[in-house]
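Chain by chain, the residues run as shown.
Number of protein chains: 2
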Amino acid sequence: MKTSISIPDSLLPFIPLLYIAWADDVLEEHEIAYIKKQIDQNKTIKEETKLIVYKWLNPENPPSARELAYWKSYIKDHADVLDPAAKMDLFTLGKRLAKNPNSEEWVNDQTKQSLSHIENYLGIASHEAIRSVYETNPVQGYQTFTINKPKKGYSVQLKTLLQHYNADLKTRVQNILDKHKEAIESYDDDLITRKEKVFKWTKELADAGLGKLAYPSAYGGSDSMVQYAAVFEELAKYDLSLTIKFGVHFGLFGGSVESLGTTYHHDKYLKDIGTMALPGCFAMTEMYHGSNVKALQTTAIYQPETNSFIINTPSQHDRKTYIGNAGLHAQMATVFAQLIVDGEEHGIHAFLVPIRNEQGDAMPGITIGDNGHKMGLNGVDNGTLHFNSVRIPKENLLNKFGDIDEDGQYFSPIISPSRRFFTMLGTLVGGRLCVPIAGNMASKKALNMAVYFALDRKQFGPPGEPEQSIMDYPTHQKKLMPLIANAYAYDFAHDHLLKEYTSDADHDAQEMEALAAGLKALSTWNTTTTIQTCREACGGKGYLSEMYFDLLKADSDIFTTFEGDNTVLLQLTAKSRLTYFRKQFGKMDWWDTLKYISSIASTNLSELNPLVTRDTSEEHLLSNDFQLAAFTYREEYSLRSLAMRLSKKIKEGMDSYDAFLHVQVHLIDMASAYIDRIVLERFIATIDEQEDASLKEILTSLKNLYALHRIEENKGWYLEHDYISGSKSLSINKLVQKLCKELKEESQHLVDAFDIPKHMTETALKFY
Amino acid sequence: MKTSISIPDSLLPFIPLLYIAWADDVLEEHEIAYIKKQIDQNKTIKEETKLIVYKWLNPENPPSARELAYWKSYIKDHADVLDPAAKMDLFTLGKRLAKNPNSEEWVNDQTKQSLSHIENYLGIASHEAIRSVYETNPVQGYQTFTINKPKKGYSVQLKTLLQHYNADLKTRVQNILDKHKEAIESYDDDLITRKEKVFKWTKELADAGLGKLAYPSAYGGSDSMVQYAAVFEELAKYDLSLTIKFGVHFGLFGGSVESLGTTYHHDKYLKDIGTMALPGCFAMTEMYHGSNVKALQTTAIYQPETNSFIINTPSQHDRKTYIGNAGLHAQMATVFAQLIVDGEEHGIHAFLVPIRNEQGDAMPGITIGDNGHKMGLNGVDNGTLHFNSVRIPKENLLNKFGDIDEDGQYFSPIISPSRRFFTMLGTLVGGRLCVPIAGNMASKKALNMAVYFALDRKQFGPPGEPEQSIMDYPTHQKKLMPLIANAYAYDFAHDHLLKEYTSDADHDAQEMEALAAGLKALSTWNTTTTIQTCREACGGKGYLSEMYFDLLKADSDIFTTFEGDNTVLLQLTAKSRLTYFRKQFGKMDWWDTLKYISSIASTNLSELNPLVTRDTSEEHLLSNDFQLAAFTYREEYSLRSLAMRLSKKIKEGMDSYDAFLHVQVHLIDMASAYIDRIVLERFIATIDEQEDASLKEILTSLKNLYALHRIEENKGWYLEHDYISGSKSLSINKLVQKLCKELKEESQHLVDAFDIPKHMTETALKFY
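Taken in sequence, the protein lines are chains A and B.
Counting from 1, position 497 in the first sequence corresponds to residue 497 in the UniProt record's numbering; the numbering is continuous, with no gaps.
Counting from 1, position 392 in the second sequence corresponds to residue 392 in the UniProt record's numbering; the numbering is continuous, with no gaps.
There may be inaccurate statements among the hints.
[What the hints assert, rightly or not] Listed next, the in silico BS3-like pairs over lysine-lysine satisfying Cα-Cα at most 30 angstroms (straight line):
1) A:Lys651 - B:Lys651
2) B:Lys595 - A:Lys734
3) B:Lys595 - A:Lys36
4) B:Lys203 - A:Lys741
5) B:Lys738 - B:Lys478
6) B:Lys651 - A:Lys478
[Claimed, not checked] Which bits of chain B does chain A cover? Going by a derived footprint, with three or more residues having C-beta under 8 angstroms, they are:
7) 58-65
8) 201-212
9) 538-551
No lab work stands behind these hints, which were simulated from the structure alone.
Glycine residues also receive a C-beta, built at the ideal position from the N, C-alpha and C atoms.
Chain A extracted, bound-state conformation:
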């Protein structure tokens, strides 16, 4: 190395000291004074050496930038050859640089002590400066991260568990869609091209018999909503537009024909719907009526003379809108309209209305619009429908819950109009079960990408050592690990609910619907949060469409709105809980019901034990007992508080509508607490069902993280209500962080169980 700078031999051992004195920033006066004092007091250092050292410590005459750089490279060159991992204090470093490393002047306890004092005085800065000398060149450190990490004892079983006995079906979906991966993952399609692609894939799935699984076997199906949901879930790994297009046609349109229609409709349409020979749509939402379905304005007026209905859109505000499949492909629509017979209103009923012929032209009287470019799901052809006195035959009324007799008179097996309305909507709860399942799969895909990226990606690190994987950062662990636990928690809750709903077991329909509504809300909000967090966790790379967050985020964003706005759904859940209690308690009027809820809840709530509220032991915090008790307490308390507020307002003479409006925020709280408790119970039940110890163990850790993180998120509430002490709350925070760190070690295996196609995972590691 050619240089005009040289270091006198006697100064060599002091070079590390001088380097750190100048490297970080200009030293403070007191720091220089301290260094000088230490050296001054050292009798073993020669006076002439001291003078040279002082010269280099003079702030009036600092070393040049070049001299400093030279010192650094000198230290590096002369210390590297030794052991770079050894403790690099100023004394040892100096010794390494000294021409005569065993000279009296250097190797003595006094010098060792002087240097040690100085180092302590300068503190953190000195450590970092010394170690910065050893900065390695990451170029030599780039390692290709390996996807094929040895599996853990629980790996296979965990994956199997998440497949919920539908592995074969899922493989069939993968075999079809893996062939189209390039076409699916092209981001430059124009709107029409994309929509036609998605239509084609949907037909391909239909051809493989995968669309009709929920229909009765008489119509080629498997009578299995569970299998249908498994296909729906698998589609969500590939493309959410495809998932929704599939769901709109087979689930909403086909499902409405199946559950609101009768044998006539089944015989006539179900087979063609199953093969997609008759593409259809589900026309419920209107421009001015999304959440308030009861107030839909489209009318269906019965015409006894012609035995037909006239479907009509009263005003432009009342057009059907956001109707998936309506924009381009549907030939028939299930239209929800107010049925009017002989001047009498009978409320919302569903009608089959042909909207396009096979050539794709709109039928007479029907105006079809396009909803245009959307935030996401641009592979779905959402459109608007306007009916200008469109005549359909009487048979097109889906007449399971309401019909016109031969005398042209309305009749229904359900006399209460309100009950009839909810029964009709209740048959459509399948959508509310499936949407969050697809959403949770979107979360899993996002988590898979974020975990692989984080394991591979290095950034910063201890000075002088290779950079660390960003998965080693506590902040990163805290971001991702609880969301992985959530993905498992919601998976099990969805699966339990789906199986309960489709089982023949006797269950309270209203309770199931309330649960489906509330779970859909919390689960899809969790999806939005998860994808957002994962995108941010992948930085700039996460912003590239190749990492999937683009479409995952944009496509799933509407999940919090469709199949019911989440905030509205949670209110529905809460109101349904109140009704449930009223029914449970039997012979009581509403006032007594509310009072009874309050008193029952109070009894449960009065058992707070100060020893428990302050118990910060891990054993206690990690127990099902504590976690369930905490979740239940929040639920019971919210319920009581809600009942008390409501009865107070109503007794004060407030109209019940206004009273419910007044407690709106409390309805949301109560419903959320209820759903949380159910999710935790289902998680615990899932663990109980397992037999393998390693599987139980990993699931238990995930359950603990889910439960404690949820308590942490609600710690404000728990503390407000003295359920936990401040120190217990702090212990929970710590334990969550600890669980995050422990589970981080399993992170790769935990996302592997999501079974995301390998070509997607590889993208997380690719820098092309």
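With chain A fixed as given, assemble chain B onto it according to the hints.
Same frame as chain A, but now just chain B:
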């Protein structure tokens, strides 16, 4: 109305009772028994009438659905003609329907009482059923919402305040971009078309002299970073791709030439940069080095023989990536590379490297890639750059902070390499000031759309009355109003910081940078949350691209990552705070500094007064004193806790790198608390600067909502640390809800002050 159903005269007054008995659901046995008992005991009702009533209460023989519908229409027809707003109890309704409304049988106190008892017994259900009879037809109720609401006393001044004295400049931007509104708002452009459009608009802004405002007047500028930021902010109303393209060229590229270069570079390039004759880019980030700039791998090796540098990309991992303007348009790049002179490393320096000729062809040795489709900002041509030993003349080193002398030796006015590095990066803090300003404008646009939509949109309502505006829902107010307050809070903080930064006043550069970093993090996270919440608040309509949330969300998503990952920035802020204290305290080593921080903070913290922690009076909660004290307490406490943890870990022998890693989550907490306190102080300062009483009043309400909502968000922390009692926390929750409700009345005026172009607002009201 033709019908075969008829009602015997004597039954008519009981029809309302019978209707509610069946309308909601099948009555419970005990309910029917109760009704029967009441009627049975009533001596004024004739026995034959009783028998007919009992017949219609028989669950074995319920009315048909049609009969029920007929009863409903009968009640409606016969009660509507009277006063629909009058209290509709069963007694009054019955009286209205009675053939002889004054008959003995009906009009007597006993009957009145019987009916009243029944009504109470059935509770809520009966109220709702009765009122449902009066459901109006919304068709007649559709009203076009008017944008031109009369202004409030503060309206003009509030708008003026947010313009920060740049109204003229903002109007100039609007006049240019309003002309292009159709082109800006087309969503179907392919990638190239969009990028070319954005380039054209950027040039148009340059032609109008709006790009060079921050440059010295000698080069055609106005020497005004404040004016530059005002233009940047205004652009964000229209298109964030345009905003970022503009910022990359004029701010990052031009800014680097201005602040890292010297007169030679200014003379040679600044004019052409100002007119965009020389489009440029800013090449810092590498594939494997985003946040860790110090570890960038691109090298610039000085060649004394030819007086030039060789710029080289060591490996594919080290390519520059995500470089805005590099993909298509930039002809020159400011490249950050490790300077090596004579074998010695001098750390990161910036070099001007020509990358394309005027025909758009890449220069020899340079490989330009495209980052492909992105989640958002697809109007910006982000690209990758690979340098294969590219030679540039020595003059192309931006040599303000480091240069090569005539002897080929490195020199720098800043000897400490660490300080030099931070000084160079510090000159680029402008970007960290501007990005959150644009982000906050994105929040304002989203809030404007959501508020207008909510005011216009009706959904549900008291039975029998028109549907309510969704802005009347407490849940909706709680979603939107705190975010409006946040938008104001961050606006004032950004403005203060920008002015302080650009003022000639003496300020601590490192403190300003730490503040800019932290504020950027909290502000851009707030933007992400705000846009997400506004989208959901607009339901399905919010999902259509026409409502702007699509691009607002997708484009601004990267704001939390670029110009520094938010999580990394907050750690930087926290570390800088620690350094700040060390400097403040002067003659102390690091251990003492940490101890001193702990003790100082402890002194401040020990003053908790149990009367204050339990004070739930509005006067107290709304006072600046309480709010500032609460914010400061959280900051001081976090600071002390951080200092204690750090010193404990380091004293235990933990490496400082590991110690900082260990307290990472606490660094984030401390930095957030610090920024929150600054934002509140700036809000209060802004209010103090105003003179008009109505303006002060509305700002004070917003400040109260900002502060109390932030405390509510952190209530877990405050309760854990006993700063507020449980009941005080509950009072704060209530007060936040109350403020939301009060400010809801002002919501339209509050978003009008954001001055969002009218054609955008109209979209929120449009159902096409």
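Hint check:
1. A:Lys651 - B:Lys651: 64 angstroms, violated
2. B:Lys595 - A:Lys734: 23 angstroms, holds
3. B:Lys595 - A:Lys36: 25 angstroms, holds
4. B:Lys203 - A:Lys741: 51 angstroms, violated
5. B:Lys738 - B:Lys478: Between lysine 738 of chain B and lysine 478 of chain B the Cα gap is close to 9 angstroms, so the pair holds against 30 angstroms.
6. B:Lys651 - A:Lys478: 26 angstroms, holds
7. 58-65: Check passed, 4 qualifying residues.
8. 201-212: Violated, because only 0 residues of the segment 201-212 of chain B bring their Cβ atoms closer than 8 angstroms to Cβ atoms of chain A.
9. 538-551: That given contact holds, which follows from 9 residues of the segment 538-551 of chain B lying within Cβ reach (below 8 angstroms) of chain A.
Figure legend: structure checked against the earlier numbered hints; hints not met, in rising order: 1, 4, 8.
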